[in-house]
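Please work from the sequences and hints to get the whole structure.
Just so you know, the sequences run in chain order R and W. Note that numbering that gives the first Met the number 0 gives residue 136 to position 137 of the first sequence, counting from 1, and the numbers run on in steps of one. Note that numbering that gives the first Met the number 0 gives residue 181 to position 182 of the second sequence, counting from 1, and the numbers run on in steps of one.
By construction, these hints were calculated from the structure, which means they are not laboratory data. Be a bit skeptical, because a hint or two may be false.
[Claimed, not checked] As a list, the in silico DSS-like pairs of lysine-lysine whose alpha-carbon atoms are at most 30 Å apart:
{"id": "1", "chain 1": "W", "residue 1": "K68", "chain 2": "R", "residue 2": "K121"}
{"id": "2", "chain 1": "W", "residue 1": "K9", "chain 2": "W", "residue 2": "K68"}
{"id": "3", "chain 1": "W", "residue 1": "K145", "chain 2": "W", "residue 2": "K68"}
{"id": "4", "chain 1": "W", "residue 1": "K9", "chain 2": "R", "residue 2": "K121"}
{"id": "5", "chain 1": "W", "residue 1": "K145", "chain 2": "R", "residue 2": "K121"}
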Amino acid sequence: MARDAAPISPSPFLSGLKSGISRDRHHPAWWRVVHDAGAICTCRRGSSIRRTASGGVKMMDILTAVRWSPYLAGAGIGLMAILSFFLADRPLGCSTAFAKTSGMIERVVRGEQVDTHPYYRKIGPYIDGSWMVVLGIVIGAFVSASLSGTFDLTWVPSRWEEAFGSDPLLRWAAALIGGMLLGFGARWAGGCTSGHGISGTLQLSVNSLIAAICFFIGGIAVAMVLFGFPGV
Amino acid sequence: MMFTSLHRNKGAQLLIGLLIGIGFGFFLQKGGVTEYDVIIGQLLLTDFTVVRVMLSAVIVGMIGFYLLKGGEMVAIHCRNVTLGSVVIGGLIFGAGFAVLGWCPGTVAGAVGQGFLDALFGGMVGMVVGAGLFAWVYPRISEGILKAGEFEVRTIPEVLGVNPWFVVIPFVVIMIGILWVLEVMGL
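Written as structure tokens, this is what we have:
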């Protein structure tokens, strides 16, 4: 058909990943980006993407996809980091919220003297925008997993079970110790994978670059020891 | 021009934080990085999804941030290089990253997708760990936490150049890394 023979005007970022998707010049550019995005998703019902009569992908298929291209998901996270600087004048980070929570719990136990503690005085143990970010992450991930039908209550992740068995108590103990190291280390370093790794690095902060490198050096070393150097 | 009055509006900030968090959690989950197996796969160097997501986020974020900074609509939020803080803290963090299998943001996303070990182990452990840090903070705040401090913030400031002379090469290098990962089939 003459319509199909029309010259392709692809969105370069996405069509480079899977060529020959954007054949439609009857829709605006934003539509083609969304259209391409759908085509590089792994969809809920196998890999076949349901197409509308006009040959396009339904918007719902993008929202119900189990996985997006990591480039598209990463670009979305980058956009959230920009919005955090622009609308909240703050790097997008997560680990402060956990310190605020521990301060709020201490206030319940020990009373107002928490506010005179040097560390809690520094970070402010109150619910604010940065605390709401972590609540939002739980909600956003729940919405995403629910839309794709992948929400599932799990005690023991499969890769852990493969290596260490299915005992939920052992996994719980490891997660607790891991969480403690993570919370302690994040506050020592002054940020986490999002605060240093993404928000700091995108500002070209030397301190954050060093932090991000150390996160992965420590993580790779300990994971290799725990899992017995697979593939090495 | 910065939105100073919006930044000071506490109620609006709660809503903005929540909405940015919802977007962040949605993209983390869609990107697959709320999966324990994906994160452990990255640390075992068998699955490079985490690197792909992070580099894409940094590429988009860096360009957007420095475009807005050119219009003075965002401010730099960086600390001086402090090796005592980021090297020691970073390595402890890394150990926790591997033992838990998530980082502070992705663990929250993992809770949202139903991982109970992330909730009762990871989240609880993080609050306890942050509390322990608060407890030792007065003993280390003037010592090891400030060791190895240098008057260095961002690379463009150190070099004294227009930021774009650094942003553009960085973006090219990061796209190059992503390209190499694709070529090597990792």
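Consistency of the hints with the structure:
Of the pairs offered as hints, the one joining K68(W) and K121(R) holds, with about 27 Å between alpha carbons and a cut-off of 30 Å not exceeded. Note on K9(W) and K68(W): the hinted pairing holds, with a Cα-Cα distance of about 24 Å set against a maximum of 30 Å. With a C-alpha separation of about 29 Å, the suggested pair K145(W) and K68(W) falls inside the 30 Å cut-off, and the hint holds. Between the alpha carbons of K9(W) and K121(R) the distance comes to roughly 18 Å, so the proposed pair stays at or under 30 Å and holds.
Taking the CA atoms of K145(W) and K121(R), the gap is near 15 Å; set against the 30 Å cutoff, the hint holds.
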